[in-house]
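Asker: Now for the letters of each chain:
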Amino acid sequence: MDNLLLMLAPLFSSKLLLVLFFGTLFGLILGVLPGLGPTTGGALILPFTMTLDPLSAIVLLTSIYCAGTYGGAITAVLINTPGTPAAAATCLDGYPLAQKGEAGRALGMATVSSTVGGIFSVVILVFFAPILAQLAYEFGQPEYFALAIFGLTMLASIGEGSPIKNLIAGAFGILISTVGKDFMTSIDRFTFGINELTEGIGFIPVVVGLFAMSEMLTQSTLINQIFNRIALKAIKLPSKDDYKKTWKTILRSSGIGSFIGVLPAEGGTVASLIGYSEAKRFSKNPEEFGKGSIEGIAGAEAANNAATGGAMVPTLALGIPGSATTAVILTGLIIHGVRPGPDLFREQPDFLYGIFGAMLIANILFFIFGFFGAKIFARITLVPNKILWPMIFAVSVCGTYSLNQSIIDVWIMLFFGVLGFFMRRYGFSVVPVIIGLILGELVEGTLRQSLVIFDGNWLMFFTRPIALTFFILSLIALAFPLIRSRKFKKNNDKV
Amino acid sequence: MKNVQNQKRANKSLPFFFRDEFRVSLVIILISVALLITTFTFDIVPPILNRGIQPATFPKALLVLIIVMTMLIYYLATKNPWKVEKKLPGSFFLTLSSFVIFVVVSKTLDFFLAISALSIFVSYCWGEKRLFYLLLVGIIFPIIVFIFFETILGLRFPPGIITNIYYS
Numbered sequence: 013m014d015n016l017l018l019m020l021a022p023l024f025s026s027k028l029l030l031v032l033f034f035g036t037l038f039g040l041i042l043g044v045l046p047g048l049g050p051t052t053g054g055a056l057i058l059p060f061t062m063t064l065d066p067l068s069a070i071v072l073l074t075s076i077y078c079a080g081t082y083g084g085a086i087t088a089v090l091i092n093t094p095g096t097p098a099a100a101a102t103c104l105d106g107y108p109l110a111q112k113g114e115a116g117r118a119l120g121m122a123t124v125s126s127t128v129g130g131i132f133s134v135v136i137l138v139f140f141a142p143i144l145a146q147l148a149y150e151f152g153q154p155e156y157f158a159l160a161i162f163g164l165t166m167l168a169s170i171g172e173g174s175p176i177k178n179l180i181a182g183a184f185g186i187l188i189s190t191v192g193k194d195f196m197t198s199i200d201r202f203t204f205g206i207n208e209l210t211e212g213i214g215f216i217p218v219v220v221g222l223f224a225m226s227e228m229l230t231q232s233t234l235i236n237q238i239f240n241r242i243a244l245k246a247i248k249l250p251s252k253d254d255y256k257k258t259w260k261t262i263l264r265s266s267g268i269g270s271f272i273g274v275l276p277a278e279g280g281t282v283a284s285l286i287g288y289s290e291a292k293r294f295s296k297n298p299e300e301f302g303k304g305s306i307e308g309i310a311g312a313e314a315a316n317n318a319a320t321g322g323a324m325v326p327t328l329a330l331g332i333p334g335s336a337t338t339a340v341i342l343t344g345l346i347i348h349g350v351r352p353g354p355d356l357f358r359e360q361p362d363f364l365y366g367i368f369g370a371m372l373i374a375n376i377l378f379f380i381f382g383f384f385g386a387k388i389f390a391r392i393t394l395v396p397n398k399i400l401w402p403m404i405f406a407v408s409v410c411g412t413y414s415l416n417q418s419i420i421d422v423w424i425m426l427f428f429g430v431l432g433f434f435m436r437r438y439g440f441s442v443v444p445v446i447i448g449l450i451l452g453e454l455v456e457g458t459l460r461q462s463l464v465i466f467d468g469n470w471l472m473f474f475t476r477p478i479a480l481t482f483f484i485l486s487l488i489a490l491a492f493p494l495i496r497s498r499k500f501k502k503n504n505d506k507v
Numbered sequence: 348m349k350n351v352q353n354q355k356r357a358n359k360s361l362p363f364f365f366r367d368e369f370r371v372s373l374v375i376i377l378i379s380v381a382l383l384i385t386t387f388t389f390d391i392v393p394p395i396l397n398r399g400i401q402p403a404t405f406p407k408a409l410l411v412l413i414i415v416m417t418m419l420i421y422y423l424a425t426k427n428p429w430k431v432e433k434k435l436p437g438s439f440f441l442t443l444s445s446f447v448i449f450v451v452v453s454k455t456l457d458f459f460l461a462i463s464a465l466s467i468f469v470s471y472c473w474g475e476k477r478l479f480y481l482l483l484v485g486i487i488f489p490i491i492v493f494i495f496f497e498t499i500l501g502l503r504f505p506p507g508i509i510t511n512i513y514y515s
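Protein chains in written order, with our numbering: chain A, 13 to 507; chain B, 348 to 515.
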């Protein structure tokens, strides 16, 4: 009961309500604009959060996360381009339905299923995050090391693209975290005599560079792209018949999305694809998929929004991000001096339940904004890139500079922008770099402390049951893509 | 699908040193080896202060891991070549060069001027020829951002020919 009251706290704080209002609005705008999305938007807004108290800052980031994930659907339905990667599966049926003159119906279903998926996942978050945090009390240094390794291997195997490339990217992220003074011995590593590097490479230059600047370079290759936008008259709430057809799909996808979200991976994107394919598998009319199936929209949208709450579970309970955007939220927590983990649940329940409540309200708010304002948000897609991206550049540069008032940070951001562009071009995901950077200190610190405990005996890791379980799970995670590709090949051979 | 297969085939027909997978793997390995050599220059902690492993051991292990995995992706790519991306357009190189111009101008002349110049340059290169919009992205918007950061976040921008006039 106390926790429920704590969850409702944002409703009674005018400041938090204002933050939620702007966060949801900003998230929707970011979601609608192709190439931006909640991850890049969250990274851009991070420096501004320094003017806020920790709760308001995280509420702002989480509301951007929830609304941005939904916002991608508007672009997916109207211009056949996902506003966010998580909305890619929504294009498959959303756009064909819009082409049939039913854009309002498609967006209505996307709005309802996103809201249901989002709320469902917040319920999962409220119940499971404390349980996971409770379990984490049993963890010592070796267990945290094994868990971080498991997180990275999961990311490599479930994330987009080649698992080995993802692992290289993750290892590179950890390597970046070793730049600067060694936190145990204060010995300089990879500083090359540059004073500014002794404090290490900050999260924000890397995050803004890898997401915003690399996207700017990507957009520079697409300036001749032409979008065919379908006009939207008004959003229509799903009919009784549509509800009848889709309620099972929405619930199933909400469950799938929440589960996938909990796993450390590119949450929403993977969740929406699985949600979509499961909707097709269980559908009575699978032949309609790809031609404007209302179930397809419901399956994809419920799953990607359900992944938002799911991804917050490991982020808050263990400090292991469940997705790219939660990696940005985790960065926000760290720069505001909040260390996620079991102690956060014990010592700051008001903070934690405030976030849960804010996510719940954000899901309701984006339903209202989406329902009444989709037509206006759809117009945002008309802002040309040649105007938008130079503006984003100005904000990125000033935002990155503002943290340490260091021009070196701006150059680092540009360097990572170029690097991120080429990484993406050659099939290396940038998300593992961020997660590796965030987990780097945890991985190295727990490894070195464990070795002190074990007196340098590496084999002692395998005498700890929880650590051993995580190592076995890591091996399974690494083997998973191999099994998946063999199964895929087998199925193809059959066809 | 057919297009991708054609692209893959085209990539396979190139000599190995022209293929993307070779060049990318080579760059990663060369950088990793250079960094690996650097780790041998790190100070060594006396055994009495050393906790667990030497500070250089962990980065060394990571770099060896990266080198091994890069060799593995190259080996796999010889069987299944990467998709060759289309050639990068001129607008990409102009945007990239604008980053270099930004670094030079922000270091030598002025931070604000660098943002302004880049914004106008990028917008123009991407096809914006209308003066009002060029002024909007290059002057009006950066001024708004500057004032916002200055007043709300209390930020002081680095000295330069324009910022000095503003601050004085």
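These are calculated hints, taken from the structure and not from any lab test. Just to be clear, a hint being listed does not mean it is correct.
Said to hold, decoys possible - Quick list of in silico lysine-lysine cross-link-like pairs, DSSO-like style, CA-CA up to 30 angstroms: (1) Lys303(A) to Lys387(A); (2) Lys454(B) to Lys433(B); (3) Lys193(A) to Lys433(B); (4) Lys257(A) to Lys193(A); (5) Lys407(B) to Lys387(A); (6) Lys112(A) to Lys260(A); (7) Lys248(A) to Lys112(A); (8) Lys245(A) to Lys112(A); (9) Lys407(B) to Lys193(A); (10) Lys303(A) to Lys430(B); (11) Lys476(B) to Lys433(B); (12) Lys252(A) to Lys193(A).
Asker: Hint by hint, say whether it matches the structure.
Answerer: Status of the hints after comparison with the structure:
1. Only pairs whose Cα atoms come within 30 angstroms are accepted, and lysine 303(A) paired with lysine 387(A) is accepted, the gap being roughly 23 angstroms.
2. At most 30 angstroms may separate the alpha-carbon atoms for a hinted pair to count; lysine 454(B) and lysine 433(B) exceed this at roughly 34 angstroms.
3. Note on lysine 193(A) and lysine 433(B): the hinted pairing is violated, with a Cα-Cα distance of about 42 angstroms set against a maximum of 30 angstroms.
4. Using a Cα cut-off of 30 angstroms, the hinted pair lysine 257(A) and lysine 193(A) is violated, with the two alpha carbons roughly 59 angstroms apart.
5. Pair hint lysine 407(B) plus lysine 387(A) does not hold up; C-alpha atoms about 54 angstroms apart against a cutoff of 30 angstroms.
6. At most 30 angstroms may separate the alpha-carbon atoms for a hinted pair to count; lysine 112(A) and lysine 260(A) meet this at roughly 25 angstroms.
7. Of the supplied pair hints, the one linking lysine 248(A) and lysine 112(A) holds, its CA atoms being roughly 15 angstroms apart against a limit of 30 angstroms.
8. Of the pairs offered as hints, the one joining lysine 245(A) and lysine 112(A) holds, with about 13 angstroms between alpha carbons and a cut-off of 30 angstroms not exceeded.
9. Distance restraint check for lysine 407(B) and lysine 193(A): the Cα-Cα separation of roughly 16 angstroms lies within the 30 angstroms cut-off, and the hinted pair is therefore satisfied.
10. Of the supplied pair hints, the one linking lysine 303(A) and lysine 430(B) holds, its CA atoms being roughly 29 angstroms apart against a limit of 30 angstroms.
11. Restraint check for lysine 476(B) and lysine 433(B): satisfied, since their Cα atoms lie roughly 27 angstroms apart, inside the 30 angstroms limit.
12. Restraint check: the Cα-Cα separation between lysine 252(A) and lysine 193(A) comes to about 62 angstroms, which exceeds 30 angstroms; the hinted pair is violated.
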